[in-house]
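Visitor: Going down the list, the protein sequences come from chains G and S. Reading the first sequence from the start, the letters are residues 1 to 264 in the working numbering. Reading the second sequence from the start, the letters are residues 1001 to 1323 in the working numbering.
Hints are supplied without guarantee of correctness; some may be wrong.
As the list claims (entries may be wrong) - Estimated spans, in silico, between C-beta atoms of each pair: (1) G:Arg105 x S:Asp1073: 25 to 35 Å; (2) G:Ile247 x S:His1160: 18 to 28 Å; (3) S:Trp1188 x G:Pro49: 30 to 40 Å; (4) S:Asp1060 x G:Gln214: 24 to 34 Å; (5) G:Ile98 x S:Leu1071: 22 to 32 Å; (6) S:Leu1156 x G:Ile263: 34 to 44 Å; (7) G:Ile98 x S:Leu1184: 28 to 38 Å; (8) S:Leu1016 x G:Ile98: 17 to 27 Å.
Said to hold, decoys possible - As a list, the in silico DSS-like pairs of lysine-lysine whose alpha-carbon atoms are at most 25 Å apart: (9) S:Lys1125 x S:Lys1228; (10) S:Lys1072 x S:Lys1061; (11) S:Lys1125 x G:Lys261; (12) G:Lys260 x S:Lys1125.
Stated by the list, open to error - Pulled a few chain S residues facing chain G out of the computed Cβ check, cut under 7 Å: (13) Val1015; (14) Ser1020; (15) Ile1027; (16) Val1144; (17) Pro1145; (18) Trp1148; (19) Leu1260; (20) Ile1265; (21) Val1295; (22) Ala1299; (23) Val1303; (24) Ala1304; (25) Gly1305.
Treat the hints as calculated values from the structure; they're not laboratory data. A virtual CB, placed ideally from N, CA and C, is assigned to each residue, including glycine.
Below, each chain spelled out in residue letters.
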Amino acid sequence: MKDNPYLFWGLAIILMLSATALFAPLISPFDPSSIDSQGLLMAPCARHPLGTDGLGRDLLSRMIYGARISLSVGIIAVGISILLGLILGSCAGFYGRIADALIMRFADIMLCFPTFFLILAVIAVVEPSIYNIMIVIGLTSWMGPARLIRGEILSLKEREFIQAERALGASDARIIIRHLVPNAVGPVLVNATLGIAGAILLESSLSFLGLGVQPPVPSWGNILIESKSTLGIAWWITVFPGLAILITILGFNFIAEGLKKIIG
Amino acid sequence: MLNYIIKRFLGMIPVLFGVSIVSFAVISLAPGRFSSLDQAMNPKVSAQYQMRLNRAFNLDKPVHVRYFLWLKDLARLDLGRSFVDNRPVAAKILERVPVTVGINALSLLVVFLVAIPVGIRAATKEGGAFDTATAVFSFVMLSVPAFWLALLLMQLFCIHLGWLPISGLHSLDFDYFPPVRRFLDVAWHLILPVFVSSVAGLAVISRYMRSSILEALQQPYIYTALAKGLPQRTVLYKHALRNALLPIVTLAGLSIPGLLGGSVIFESIFALPGLGQLFFQAVMARDIPLIMAEVVLGALLTVAGNLIADISYACVDPRIRYK
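Construct the entire structure; sequences and hints are all you get.
Guide: Structural data, given as structure tokens:
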């Protein structure tokens, strides 16, 4: 830990953030949707450390609840993409031939999509919601993990320990899950961490465009929608939610960098 | 070489078919039709009118029939008409191309002009103050949401300092300007959008350039060159740089889909009439012909980017051609 400051600081940021998200109801000074008609657009003060928004809602409380959205979108979207990548990548690598050709051509096709275009189009037709965002991001980002896992399996499947396992009568599923996949964990973990950062960024961009998490549920991206109309009047609405996104993504990028150093 | 190009060119075709099938399926199978959107806004729209709309736009036919109809039109370079204003999709797209392509080309230019020298300097003074500073800078720039950076810069330069215009492509009285002033006016409006859209690229390419140079500097031919007594500068710029630039070429080709996606956000923030803004409007109106045309155009650009990257790579590196 000492000789890997990236990993240390990354984990520190993300653990603190996770604690904030987990204990949001205990930490936040106000209900995120309680409206204070006396204090619209109040600058940061003792009562509202980060100020209030145009409806008089406490910005700090909204941001604390927003952490829940960002983290859960990031983790679940990447969970979906890793699971898909794992299944498709190991099928392609292990069975080769037609399965490999079909799956990898499909991955090539998906990689040629302007992903943001596709996500926007899908979200607009299936109604924007936090669940749809998780699913859509997951479904459009499995190609990286799939390629990694396939590559790893291709390089390992003819090795002696796999032959031995086969000779002992192990099933395909057992060989893949117990012996091949664990060898790919390192690169996949790095990919997943970067993926979480990407998914959080994507969620905030979509929410900012109005196609993400819908108000009144607070997300860092949709809080920033208001900053377009309060530009020059209420700097705190612009500065703080963006800073939260920046620090979170920085945290995940740090972890990925630290993991890369460990793997070598 | 020619064989290689032809092979790669033919390989593009199935991929493009795949892209068009997947996107057509996704967009058409999703619930919500263009014709029912009208009803959501105005409940008085009659069922007959809806049927007429459906028939006019072939929405009453099954998906696969619609796909083949679309494909047939595409073969004649007819992208169909927009559901919203019945104008030809091709015309709507063409008038938007210059803005998006211009901004992205300018930001790519900025990225390469700045990132390559920065990467070289960081690599030659590895571990020094400049290297550390650029490492920190690129880490932060990679993590900053571009739309937030745009908002912050707008707040600073457009509102507090009032140095730059807040949105649009040119001033209101643009039409009355003499040509030179027109050019300056557009340039003045483009400063922020181009800067914001090149930030991520700067971070990635400068780091990539650095590691690429460091790798090249460890090759045996560098030691040979140094042992022959060639000056350091010659070795760096003639031997190391040329080889280190190779991966950067590929990176430029691969960055195209990201640029297109990013343009949706920048163009909506800065109110620029480009392809991204058009796509956003099309998506909101469920304007299927326009959405399809832009997705396929995006895919075409991505595939072309990959192809150009591969071909230029093969031009410089003969090992790839004969594989």
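Visitor: Which of the listed hints are not met by the structure?
Guide: 7, 14, 24 and 25
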